Amino acid sequence: MDRLRGFLLHIGVICSCVCMVAKVLDWYNPFMDFTGHVWYMQIVLYLAVIVLALMGRYQYSQPGKCKLTR
Amino acid sequence: MKKRILLITIDLAVAALVVLAVWIVNYKMPQEGIKAATFPQKEFGRDTAPGQERQSGAQSEGQMETQSDSLIATNVVMDTQDWHEKFADKFTDTVVATDTSYTSPDLSIQLSYSHYDTGMLDSSDEGKHVKYGTQVSYVLADIYVGDITCFQTAFAQDTYGVGYSEKLSDMSSKMKSVLAVNGDSYSNNRHQDNGTIIRNGVVYRNERTDVETCVLNWDGTMDIYSPDQIDLQKLIEKGAYQSWIFGPGLLDENGKAKQSFLTWDYIRQSHPRTAIGYYEPGHYCLLLVDGRQESSRGMFLEEMAKVFEDLGCKAAYNLDGGHCSFMTFRGRTANHPYKPEYEVSDGIFISAKQ
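Protein chains in written order, with this note's numbering: chain A, 1 to 70; chain B, 1001 to 1354.
Note that these hints are calculated values from the structure, not bench results. All clues given are correct.
Listed below are the simulated DSSO-like cross-link pairs for lysine-lysine, each with C-alpha atoms no more than 30 angstroms apart in a straight line:
hint	chain 1	residue 1	chain 2	residue 2
1	B	Lys1028	B	Lys1339
2	B	Lys1256	B	Lys1306
3	B	Lys1028	A	Lys23
4	A	Lys23	B	Lys1131
5	B	Lys1128	A	Lys23
6	B	Lys1131	B	Lys1339
7	B	Lys1339	A	Lys23
The structure displayed is predicted, hence computed values, not measured ones.
Please construct the entire structure, taking both the sequences and the accompanying hints into account.
Rendered as structure tokens:
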């Protein structure tokens, strides 16, 4: 579980960075539509966030097991 | 702590690699290109009667077969006036060429250089342009053509599509053009509404657009359409010859400089510029503004619009600028680019008739 959480956090960082770079590049030239060409990274980011949130909610709901480990 | 920093660094490196891969795959690799249709030089020679209207292309419905695709050709509606007579004082019986001028029986090009101090710094973009100072220099090519076919466009590697690029000087050499400038970098426009592309009378793309479209017609007139005005069928019937989709248009319907422009914020800053101006059928100008260097910061759109207004143009349109801005004249670089020549996806070529 912790390994999966760690993996999804890394996925979130990578996807977020890619999407932010695309947004910046689109500011310089919206014609090139960088954001449109990384839509799959946005999907992966959203899924990673959802799974992380569900995992966190699950751990939080477990009596005596609510503390997140490092 | 060190491990965390290492992991974050690896994440950032992976993100950079992903961005690089996206850029290469979607913008640099050639993708399903369409070979440019052969320009029908023989059909539109001097024996074409002025005012003659006919369907161009190989088939009756205006369909033109190319190697890989069927393309639509626009109607050829020539001007009723003979431009050789209209601009007789501009042309010469033989070719007369200098470093800044070229005249022949079909073509007249005069280059003029200008350099002045605007007294105004570009403080936009958090002051990144301030270092370029207040000077501006540009080269203006005043062009008279005896035949619209002297005004041609070409795709890099003779192919319409994404990922095809070529140096303008190489393209100019192949086209044997007297004057060449970069075009609108049509292939960079990768979003859904990426407009209508017509080159040398052939339609390569017809999509909606959210920018102004500049259209040069077979009869030599130039129109600039707002996004909601573009209608391919009307363009075909009217006889569209070339179209560009960068923008914005710089003058209003009275030939006065616009105060607001349909474009995005980055383009509103001062940059090297390439722009086309229209006076009347057969008479055009191409403006090339140097920029991003101490000797010339580039122009704001308002400044460039004022230049065209002062020239007396009826219409003017901004093409792709930045480090794409490049002009060649008789095989030599005519402007002062701030970087070595950049490969572009298309260009405008002024050639004497073959």
